[in-house]
Each structure stands twice: as structure tokens, then as C-alpha cells.
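Chemist: Line by line, the protein sequences are chains A and B. In terms of the working numbering, the first sequence has 214 at position 39, counting the first letter as 1, and numbering is strictly consecutive. In terms of the working numbering, the second sequence has 207 at position 176, counting the first letter as 1, and numbering is strictly consecutive.
Accuracy of the hints is not assured; some may be wrong.
Claimed, not checked - No more than 16 angstroms apart at the CA atoms, straight line, and that leaves these computed lysine to aspartate or glutamate pairs for EDC-like: (1) B/Lys329 - B/Glu307; (2) B/Lys379 - A/Asp196; (3) A/Lys181 - B/Glu307.
If you're looking for bench data, these hints aren't it; they were derived computationally from the structure. Values in this document were obtained by computation on a predicted structure and should not be read as measured data.
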Amino acid sequence: MPRPEKISRHGSHDIEIQWDDGRQIVYPARALRLACPCAMCQDEMTGERIITDNALPILTYPTKIEPVGRYAIQIHWSDSHSTGIYTWEKLDALATEIGKSLPE
Amino acid sequence: MLTRDQALDALKTIVDPALESDIFSLGLIRNLEVADGHVSGELLIHRSAEASAELASKAQDALKAAGAEAAELSITTVASDGPAVDDKGGIPGVKNIIPIASGKGGVGKSTVTANLAVALQQTGARVGILDADVYGPSIPRILGATEPPTQGGRGMIPVNVHGLPMISTGFFIRKDQAVVWRGPMLAKMVDQLINQVEWGELDYLLLDLPPGTGDVQLTLCQRVALAGAVIVTTPQPVAVDIAEKAIIMFNQLKTPVVGVVENMSYYESRTTGERELIFGSGGAEILSRQWNVPVLGKIPLATTVRETADSGRPIVLEDPEAPASKAFHDAAARLIGEIQVRNAGAEKPVEINF
Chain A
176 MPRPEKISRH GSHDIEIQWD DGRQIVYPAR ALRLACPCAM CQDEMTGERI
226 ITDNALPILT YPTKIEPVGR YAIQIHWSDS HSTGIYTWEK LDALATEIGK
276 SLPE
Chain B
32 MLTRDQALDA LKTIVDPALE SDIFSLGLIR NLEVADGHVS GELLIHRSAE
82 ASAELASKAQ DALKAAGAEA AELSITTVAS DGPAVDDKGG IPGVKNIIPI
132 ASGKGGVGKS TVTANLAVAL QQTGARVGIL DADVYGPSIP RILGATEPPT
182 QGGRGMIPVN VHGLPMISTG FFIRKDQAVV WRGPMLAKMV DQLINQVEWG
232 ELDYLLLDLP PGTGDVQLTL CQRVALAGAV IVTTPQPVAV DIAEKAIIMF
282 NQLKTPVVGV VENMSYYESR TTGERELIFG SGGAEILSRQ WNVPVLGKIP
332 LATTVRETAD SGRPIVLEDP EAPASKAFHD AAARLIGEIQ VRNAGAEKPV
382 EINF
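Here chain B stands alone, though its shape is the one from the complex (with noise of 0.2 angstroms):
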């Protein structure tokens, strides 16, 4: 009879060949079961439903080539809850709350958080975006919103663009104006846009944060309980020994770092293919190393990357088929492994009685 140990071995010969990792390994498989040779199961989605269906169909097959009388392995886009989905130490309908941090700025944070975003989205997955760069709110530009939220009845309502919503510190804040404050009016700004926004029901919502250790990126780690923090870095390392300081501030918070993204890893001449390491190389592996966080991806400098954030189409959307989207389907992929990885093995939020 097929063992539980056995069934796990099959699955993990079932490679995603770009991840160059096994679906059991990237944390895609849930509710496993297997009793009497039958063996049952989730696969979440990762990529297209596409590729989730050949991969389900091919771990079946090895289930069964293992000994399995029955291999049932059906597919999910909803990602599992988050450390916190109530109102208290959550946001109401939202299961995984992100924030892409960087330490450093200029490393290209919001593009990522963007093109991220779409790259979850286009799984299946339900991902909406707050954009809490109070000092240089870029998402409004970069996925293209010119309208400003409406009220609702109980809130805000986000912007819908290209059917994420969206909310930005940018829309309240006139462009001729520069946000100079002092913490508690963050912290204040912080709040509302956590308690006064209409979300709906999400899967992801990522932060986009200011870049930095400061009152925003506190605020919200003490307001909310964060699925796991996404660091942003270039290879560069003025850019790693600063974005450490990031990785030691989630630590002291107590949010796990779910990986990395290395953006601007490397430059590839459009007309000769060459590559050129214009900041360097091995910036995200040391930070991996150092600090026992997965390398989510590394994304390519590319024109293309640049044009199509400044014109309102992230390239994920604009060209599925580059290699910087490729990067970040890549990315996005892993993401939704590490996030479920840490939802199954964490810590319950501590019961409190009083």
C-alpha cells in the first residue's frame, strides 16, 4: 500500500523546470491525503491554469506509478489565510497582506510591486495594491490610474486598474504638494488606509512601502499581522547593506522575509543579446546566505521595463513574452510558494482573553 512518505516522494520529482524546484518543495500542495492507496489533494496555482493543469496531471501520474490505486489532485487560486483575516490584527476579507521593502531607495520597488502584482494576478489569484510611499507615490503612474477613489458606504472604494484595485497616498495628496511630516500624522495616514478601505475579498494585497526603517514601515507591522515581507535589492552593495537594514527591522517585528527580488540584476543589449552586469552580480545570493531567505527572482534592466511603468502598462501586462516578465511570472510563482510554505508551518496569533 502506498505510504504517505511515498506519495510525497512522487510529487516531489514533479519539477517546475524554470524554478528548477518540485511542487512539494515550492509549498503548492495542500490537504494532502492518502488512505488506502487512494491519494487526494490541492494543487495551488502558481502560474497559468495551464501549466497547473499538465503539472497536476503529470504528479498523478506519478502517484499512480507509485502505487496509488486513485490520484486526485485538484486545483485552487485561493491562497490559504494569512496569520490574521478578522478585523483584529487584519484587514477584514484579505488573506495575505505583503509588503515590498528595500531599505534603499531607487532600487526600482514599485515597478516590482506592480509588475508582481499583475504576474499573481494573471494565476487566477485575487490581488489588490496600497501604495503607502507617502513620500513618492509611483503606482498611480505606473499601472496608468488617473481617476481618484470613490467613497463607499463603509469606506474608501480602491481604484480598479487593470482589475487590481488600488489605492495610493498619492491620490490625497495635491501634486504640488510634498508630504513633510512628522510620525504621528503618518501613523495617522497609515491607519486610514488600513481601517478605510474597502477591499473586498483578497488573496494578496502588497504594500508598496517607502523606502527606509521608519514611522510607515513600524505602523504597519504594529497594525497588522504580515503574511511575510518581500525584499527589494540591486546587486549592487550599497543596495544589499542597506537593505539588510530591512530584513533586521521585519526580524525585530517578528514578520518572516519571504525572499528577494533582485531587480536590475543584469542589462541585455536588445540588438546583440550580450549581457552586461552594469551594478554588479551575487547581490541577492549574499543577502540569501546571510539571512536564510529564498531568491525570488532576479529581474533583467531592461528599456522596456522602464517605458512601460512610466506609461501605465507594466510590462507583465504590455510583454508577457519578455525576458523581465518571464522574471516576474518567475517571482510571482515562487512568491505564492514561500507565503504558503510560512502560512502551513505559522504560528497561530496569540489568543488573548482579557
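Looking at chain A on its own, in the form it has when it is part of the complex (with noise of 0.2 angstroms):
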């Protein structure tokens, strides 16, 4: 399972992850707002969203990021929404999802 080194900011809004396999990925601030994964916005029997795309305002972004012991990254947004524990299972699968890779 491949995990990040560093997290940081890109542009003025989204999110870079540099992976442990070398990988270098930017995640777009709102899709990752969207997909949190947090039992207020995906039903946690079914993975049914339940969050939508036009509840969320159309400038969505990451105010605060912290760890989450050794396994997951907590997101502070700026809709004053932050219960997503983001897992770096999560965070992977989201890379090829709604991520752009950037050249090494």
C-alpha cells in the first residue's frame, strides 16, 4: 500500500500529494470536498453520496490539514465541514479517480 511523504498546497486551493512510489498528484480542492468520505456525506451501508454537488458552494477549499495517527489525513474546509477521516486507502483510489498526476 503506497502512502504520502508530503502533503502540500497547489495553486491557491488544492491539494499535492507526493506519494511513496513517487507519484506526485494534485487533487482539485472541491472534488475532494465531494468525495468525503464521512457518514454525513456517503451512507455508510450502501456508499450512497449524499452530499451534492450543488449544496456546495462553487469555492470550496482546505483550511487546515492534520494527521491522523499513522494512517489518515483530517480536511477543515472552509463550509465549516471537517468530520472526513481521508484514509491513504482513500486517498489512493482517489488519485486515479479525480487526481492529476504531475510529471516527475
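Both chains come to you apart, so use the hints to assemble them.
Modeler: Right under this line is the structure:
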């Protein structure tokens, strides 16, 4: 399982993750917010999305990122949402779903 | 000229007889430098100072016999830094946070925690205990703590019992009350125990967890980067099955499991010396094979272990020569090495600049 080495800002709002397997992925802020895995944004049993695109302000961006133990990060968002725990597995899957690879 | 590989080969001939493993494989060698036939490095104490001095002297002889012109192994009691040592993902001043978990209740987790702590401390390491078993805090009784902790300038000052700083959730709940709490309250308690206690400088902080894979365990794994978990089981399948759940939880939370302690491993009659396998056998080995984790030790079921725990002086203190004490010393010795190995190979904490 790859794990992030460095998490930093890309442009003004997006998140860039440097993975230990060499990938550098940019996660667009709004798409990452929409992918929030918490129980308020996603049905815990079915996985169905609860949060909708038009319920979210156009400009939604992270205000703070904190480590969670050794396995995840917690992102505080500009819409005051912060309950999502993004595990390395989740971020790895999101790399292909919403991420953009930067050339090495 | 002596090469690094030759130096390692020489070190691998120095064996801890009780652990049947050599000082290099046990992870006790640090900062090894080999240059121009000169070898220097550190040997981490894993038993008594005398035992380590003897191993170091044997190792130096072996290095010289292998062709080293000079060999100098200094002895250190200071553990290496765990995955987080600051207030970002760690507890300031605490190098290694080690949860002791079991899955199943009643396997002797607290007794193992207390005795391991004393055994670690007897090597010269600085050790503390956080009794986070909110439902059944038993560390105060096992260590014979009578006074509650006091309030310091920046937080609570742990109680000092037998030289071990200790905080227990039991101190904050009256004897005639039980903890009947929902998740958020448990999380808050864990937060306070992590953030509002003045531990001082510690090599190892052992966390006695409640049984299960619930709120307390999850909150702990989220708040701090743990060095590695110890799983306690008995040999019987019903305990092993549930210990597995604890291992799976730690795997999910990316906390390495550094080893399994098999408690109540066998009963040895005080009169005849005959061994009886009351709870069966092979539990620790099953976990070890299945999950690729070492067996740290097997602790016999003995009346004296129970009596000493109930009276407030763990057996490792009360009777260091008892078979159970020897088993605890061996387990602590192996634990020191396993933590060192994990720290040496551990991934760096993720760097966040946002």
C-alpha cells in the first residue's frame, strides 16, 4: 500500500500529495470535498453519496489539514465541514478518480 | 580489512541464550560504523546493565577475532524515537507509545502491562503507564497506588508507583460508579489523558487498553502515532479468535503489531513441578504464523502472579527469580528490540505543509 510522504498546497486551493512510490498527484479541492467519506456525506451502509454538487459553495477549499494517527488525514474545509477522515487507501483510490498526475 | 558484512556476521554470533536469538537480529545494535578496520556502535540495554556489559564485551572480542583492529560498543538505555515525539501526532517527551491490547477480556492484559512496565524499567529505561481501560481500570490495584494524581502547572502530574509514572481512568471515577458512556465521552476522556498529563521524558509509555475494538482504541490510534502494539492472548482458541480482531484493527489503522504475549500459557505445580496446559497450547504460534508477528513471551499461570497483582507489587518486583518473572523479562527484552527494529525501518511521518 503506497503512503503519502508530503502533503502541500498546489496553486491557491488544491492539495498536492507526493506518494512514496514517486507519484505526485494534485487533488482539486472541490472534488476532494465532494468525495468526503464521512457518515454525513456518504451512506455508511450502501456507500451512496449524500452530499450533492449543488449543495456546496462553488469555492470550497481546505483551511487546515491534520494527521490522523499513522493512517489518514483530516481536512478542515471552508464550509466548516471537518468530519471526513481520508485514509491512505481512500486517497490512493481518489488519485485515479479525481487526481491529476504531475510529470516527475 | 574488515567489511561491514563481516562485522555483522561477527555480531550475529553473540546470542541471548534465553531468547535464542543474536543481538543483531534482536535489533539491539545501533549506529554501527565500520571504517578502516575500526568498528563502533551502540548496544541497547535489553536486560540488566551487567548482562549488556557482558554481551558488549563478547561482541567486541568477536569483532576483533573477525579482524577488527579496534571495536567499541557503548551501552545505552535510551530508546530510539518512535514515529512521533512532538505534540503533532505524539506526546511531547514520550519516545514510544505502546498499546497493550487483547480483543478478549480477562486474558490478563493489565497484569501483563504492569509486569512488562516494571521489567522494561529494570533495564534502566524510563517507563510510564496509562491505564485507559475505562470500564475496568485495574492498574492502580496491581501497582498498589493509593494516592490520586495531583494538578501541575500544565496538566496532571502522574502518580509515581514503584518509580513508574502512572495515570488511570480509575482515578476519575468513583468506586461506586461505573462507566456507562457513549462514544464521544470516551473520546474526550482519551483526549484529556493524552493532552493533559505531564509525563516528562519517557522511553516507553504503555497503554493498557480496554478489551475490544471500539471507541477508545480508535480514538487513541487517531490522536497519536503509536510505535507498535502488543497483543495479549491465552492459548485457547476463543481468545486467539478475538485477538485476531485486534490485530486486524491495528492493521487497518496502520499501527504495526510488534508481538504477541501468551499469558496463562501453562500451569506449573509448585509441589511437583509438573506442567499442565489448562488452556491448551499453541495460541501465540497460530497468531504469529498467521499475521507474521513474533511471540514476545509465554507467561505461566501461577498463583504468585495473581497474588502479587492483587497485593500491589507485581511479581517482577516481588520475586524477580520466579519463572513468571523470567518470562516477563524475556518478553520485555524482545519488545525493546522489536520497537527498535520498527523505529529503524519505520516510515517517516507524513509531512504536511498547508
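Chemist: Now look at each hint and say whether the structure bears it out.
Modeler: Evaluation of the provided hints:
For the suggested pair B/Lys329 and B/Glu307, the alpha carbons sit about 14 angstroms apart, so the restraint of at most 16 angstroms is met. Annotation: proposed proximity of B/Lys379 to A/Asp196 holds, straight-line Cα distance about 14 angstroms (limit 16 angstroms). The suggested pairing of A/Lys181 with B/Glu307 is violated, with an alpha-carbon distance near 54 angstroms, which exceeds 16 angstroms.
Hint 3 alone, counting from the list given before, is not met by this structure.
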